[in-house]
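Undergrad: Each chain is listed here by its residues.
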Amino acid sequence: MSDRVQNRRSGFSISKVLMYAALFIVAVIQLFPLYWMFSFSLKDNSEIFGGNPIGLPGKWLWSNYSNALLQGNVGRYFVNSVIVTAATIILTTIIAVMASYALTRMVFKLRKPLNSFFILGLTVPLHSALLPIFVMLRNLKMVNSYWALIAPYTAFAIPMALLIFSGFMGSIPREMEEAACIDGCSIYKIFFTIILPLMKPAIATVTIFTFLQAWNELMYAVVFISDAKYKTLTVGIQSLAGQYTTEWGPIGAGLMVATIPTLIIYSIMSKKVQDSLVVGAVKG
Amino acid sequence: MVDKVLGNKKAIVFFLFPALVVFIGLIIIPIIMSTYYSLQEWSGFGEGTFIGLQNYKGLLSDPIFVKAAVNSLILAIASVFIQLPISLLLALTLAKGVKFEKSLVTIYFVPVIISTVVIGQLWMKIYNPEYGILNILLKAIGLESFASEWLGDPKRALAATFIPIIWQYIGYHMLLMYAGIKSISTDIFEAAVIDGSSWWNTSMKITIPMLKPVLNVSVIFAVTGALKVFDLVYVLTGGGPAHASEVIGTYMVSTIFKGNQYGYGSAMAVFVILECFALSILVGLLFREKEEAK
Chain A
20 MSDRVQNRRS
30 GFSISKVLMY
40 AALFIVAVIQ
50 LFPLYWMFSF
60 SLKDNSEIFG
70 GNPIGLPGKW
80 LWSNYSNALL
90 QGNVGRYFVN
100 SVIVTAATII
110 LTTIIAVMAS
120 YALTRMVFKL
130 RKPLNSFFIL
140 GLTVPLHSAL
150 LPIFVMLRNL
160 KMVNSYWALI
170 APYTAFAIPM
180 ALLIFSGFMG
190 SIPREMEEAA
200 CIDGCSIYKI
210 FFTIILPLMK
220 PAIATVTIFT
230 FLQAWNELMY
240 AVVFISDAKY
250 KTLTVGIQSL
260 AGQYTTEWGP
270 IGAGLMVATI
280 PTLIIYSIMS
290 KKVQDSLVVG
300 AVKG
Chain B
23 MVDKVLGNKK
33 AIVFFLFPAL
43 VVFIGLIIIP
53 IIMSTYYSLQ
63 EWSGFGEGTF
73 IGLQNYKGLL
83 SDPIFVKAAV
93 NSLILAIASV
103 FIQLPISLLL
113 ALTLAKGVKF
123 EKSLVTIYFV
133 PVIISTVVIG
143 QLWMKIYNPE
153 YGILNILLKA
163 IGLESFASEW
173 LGDPKRALAA
183 TFIPIIWQYI
193 GYHMLLMYAG
203 IKSISTDIFE
213 AAVIDGSSWW
223 NTSMKITIPM
233 LKPVLNVSVI
243 FAVTGALKVF
253 DLVYVLTGGG
263 PAHASEVIGT
273 YMVSTIFKGN
283 QYGYGSAMAV
293 FVILECFALS
303 ILVGLLFREK
313 EEAK
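Same order as they appear, the protein sequences are chains A and B.
In terms of our numbering, the first sequence opens at residue 20 and continues consecutively.
In terms of our numbering, the second sequence opens at residue 23 and continues consecutively.
Excised from the complex, chain A in its bound form (with noise of 0.2 Å):
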């Protein structure tokens, strides 16, 4: 019997090496190529050709990230990519808020209809807008411009940030507006200082779910965007890795800058986006 017990325990604890091996070496490989990327881009070819393809830096290499930032225009696709993802978050969040406070709250007959018309738009694919869209830019001469982009995005971002705040919205208890609409409140009154402010986690949730998106976001941004003026991050390292085809020393600090702000983020928040992508599959 002890014997039995014994076994099972030590049996027990070598799984559990085991476990924790096969989860380390899992973590291992979700980050390595990361922190390769890191120590590459602050390396000269010779160190990264030569003696020393995976470790640390030997002379941190900082002109890297000078160079790619002004020479390969890093620095511009990083304004550009803010710009677009700043517009596309602002533009979601405003019309995608008000168009789920009447779809929740408001009384009339197409509510219901509305709301499975739109979403309907999160089972559409990038892909299916992807010409008719640039034809319409063509014809508007609104190729190669912030608009080309952030319309687009905020088009495809709306049905979600619709889901993520119906959700919210349907939680607040009608009382609050029963309560306003005594005091003699008008309905624009009641949505702007009483239903927005209590919105602000759903805000945090649509944000971080809107700027992964429109952060990352590829295929519309090759399409749309040539001009190196609008070009942003996710075009523009494309551009880099043809221009500095055999120096990875720029290429790396080009690929660390378009992602130091997401990890920013993650490390300030990573509860919260984890969350807002869980919310995200979720409701779609």
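The set of hints was computed from the structure by calculation and includes no laboratory data.
Honestly, I wouldn't trust all of these hints.
Claimed, not checked - With a straight-line Cα cutoff of 30 Å, these simulated DSSO-like cross-link-like pairs (lysine-lysine) come out: (1) A:K78 <-> B:K161; (2) B:K204 <-> B:K121; (3) B:K31 <-> A:K131; (4) A:K219 <-> A:K131; (5) A:K290 <-> A:K219; (6) A:K208 <-> A:K131; (7) A:K290 <-> B:K234; (8) A:K128 <-> B:K26; (9) A:K35 <-> B:K124; (10) B:K177 <-> B:K79.
What the hints assert, rightly or not - Here are the in silico distance ranges between beta carbons for each label pair: (11) A:V101 <-> B:K79: 45 to 51 Å; (12) A:E194 <-> B:P235: 28 to 34 Å; (13) B:V215 <-> A:G186: 32 to 38 Å; (14) A:G186 <-> B:A162: 46 to 52 Å; (15) B:L159 <-> A:G77: 16 to 22 Å; (16) A:G186 <-> B:S219: 31 to 37 Å; (17) B:L160 <-> A:D246: 39 to 45 Å; (18) A:F68 <-> B:P235: 46 to 52 Å; (19) A:G74 <-> B:A264: 35 to 41 Å; (20) B:K118 <-> A:L159: 55 to 61 Å; (21) B:F168 <-> A:G77: 27 to 33 Å.
Quick reminder that beta carbons are idealized off the backbone N, C-alpha and C, glycines included.
Position chain B against the provided structure of chain A, taking the given hints into account.
TA: Coordinates of chain B only, in the frame set by chain A:
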């Protein structure tokens, strides 16, 4: 009184108008336009000619398109049968409570939030035949004969392109499943432990069956994600060499913007919409049927 305020027609229009304009103008009308273009032979300039379903017939007899569609399906299958089991195993392990549980969840999730362009460029370097860490690693452990030109070799390009795609989203599915397991009442697990059920047994008999709704979402995401894939393939190989790693997304973009076949490319776009739609329904049905069979 509340109803009167909440039924204010002007206000309803005010709140809904921007969303409707953007949504209809940039999603609904474009889908209709795509469908319309797909029935035409059109080079993008001047007028197109209406040719009915010719483009769709063309798709089926276009070996490159068939290859691209098959590749997307291979990715879907690989995601469901390789990626999701890994994610599930990680989620089950983490959710039973291990040291550093929260940190590990956070670490596994990191690749999800990083731009696919960055991931693509990074993996190109990993695969680099001379200086990439993959070949360096293989040499270091004496498997030099396996070292290869990964992305340039038509036989390996497809697998080499799909590995980063699968790798990137393991953490995402892990998190979905982990959150799902965490939301199952702990009483159930406690009861199982008291009954002497092992972790494996509990997982197979209780956790996974209760996780079905989440697994359903994961499978749909994995499948539709595979059909829609574009970014990583575009960055890593552009669909090459010799269309070995072509997927519908990359083939559509090159057909439209390099080949100037707007109608034909639109047929591919419509194909993807329909395919995503059909497969989501199919996956949903499969899950429901299993549930009912129980």
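Undergrad: With reference to the structure, classify each hint as holding or not holding.
TA: Do the hints match the structure? See the list:
1. A:K78 <-> B:K161: 26 Å, holds
2. B:K204 <-> B:K121: 16 Å, holds
3. B:K31 <-> A:K131: 16 Å, holds
4. A:K219 <-> A:K131: 25 Å, holds
5. A:K290 <-> A:K219: Within the cut-off at roughly 16 Å; holds.
6. A:K208 <-> A:K131: 25 Å, holds
7. A:K290 <-> B:K234: Within the cut-off at roughly 24 Å; holds.
8. A:K128 <-> B:K26: It holds: about 14 Å lies between the C-alpha atoms, which stays within 30 Å.
9. A:K35 <-> B:K124: 18 Å, holds
10. B:K177 <-> B:K79: It holds: about 29 Å lies between the C-alpha atoms, which stays within 30 Å.
11. A:V101 <-> B:K79: 45 to 51 Å: 46 Å, holds
12. A:E194 <-> B:P235: 28 to 34 Å: 33 Å, holds
13. B:V215 <-> A:G186: 32 to 38 Å: At 34 Å between Cβs, range holds.
14. A:G186 <-> B:A162: 46 to 52 Å: The hinted range 46 to 52 Å holds for G186 (chain A) and A162 (chain B), with Cβ atoms some 51 Å apart.
15. B:L159 <-> A:G77: 16 to 22 Å: 21 Å, holds
16. A:G186 <-> B:S219: 31 to 37 Å: At 35 Å between Cβs, range holds.
17. B:L160 <-> A:D246: 39 to 45 Å: About 42 Å separates the Cβ atoms of L160 (chain B) and D246 (chain A), which means 39 to 45 Å holds.
18. A:F68 <-> B:P235: 46 to 52 Å: With Cβ atoms ~50 Å apart, the hint holds.
19. A:G74 <-> B:A264: 35 to 41 Å: The hinted range 35 to 41 Å holds for G74 (chain A) and A264 (chain B), with Cβ atoms some 37 Å apart.
20. B:K118 <-> A:L159: 55 to 61 Å: 56 Å, holds
21. B:F168 <-> A:G77: 27 to 33 Å: 29 Å, holds
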